[in-house]
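J.: All chains, full assembly: derive it from the sequences and hints.
Whatever position you read off the sequence shown (first residue = 1), add 53 for the numbering used here.
It should be emphasised that the hints constitute simulated quantities derived from the structure, not laboratory data.
Mixed in with the good hints there might be a few duds.
Under the rule of at most 30 Å between Cα atoms (straight-line distance), these lysine-lysine pairs were calculated in the DSBU-like manner [stated by the list, open to error]:
no.: 1; residue 1: Lys208; residue 2: Lys179
no.: 2; residue 1: Lys208; residue 2: Lys155
no.: 3; residue 1: Lys150; residue 2: Lys177
no.: 4; residue 1: Lys179; residue 2: Lys150
no.: 5; residue 1: Lys208; residue 2: Lys150
no.: 6; residue 1: Lys179; residue 2: Lys155
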Amino acid sequence: MQRQVASAWHKFTRTNRRPYLFSSSSPSYNTNSNNNSFLKTPPILGLDLPEIWKPSVLKKTPSSHNHNAEQTASVIDGISIAEEIRSGIAQEVSRMKNAIGKVPGLAVILVGERRDSQAYVRNKVKACEEVGIMSLTADLPDDCLEDEVLCAVSKF
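T.: Quick look at the structure:
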């Protein structure tokens, strides 16, 4: 199966030269073993985000001799956009809870006591709380054994 996926991906990338970045709400792709075609599966949460992002580097840049062209750049309010995204995610989580009785979750195993990692995890847990996503954290010492990490994974 992995070989089929790799073969289909290779064929896909040869025919589609432009790089794509799929959003977290993008559908996943499976291959059909009969004909190696891509089948779309729906995203878990149907967020209203763009499914494919095409980098602006591929667009033609205006020539340097056209100084009188109208400016097309605009200032955006990142804080309000982030709040709008969080609100949409919270609504989707609530709808998911009402529909199937479950909410998505984030599980983190933090090994060691690096302050930057702790801050990162703390911010992710806070973000989960804001939108109703369940979060679980296991803190393990820096010198823990592989078996301890595997045990923590199995508890999630």
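J.: Determine for every hint whether it applies to the structure shown.
T.: Against the structure, the hints come out as follows:
no. : hint            : verdict
1   : Lys208 x Lys179 : 22 Å, holds
2   : Lys208 x Lys155 : 18 Å, holds
3   : Lys150 x Lys177 : 20 Å, holds
4   : Lys179 x Lys150 : 19 Å, holds
5   : Lys208 x Lys150 : 22 Å, holds
6   : Lys179 x Lys155 : 19 Å, holds
Hint violations for this structure: none, all hints satisfied.
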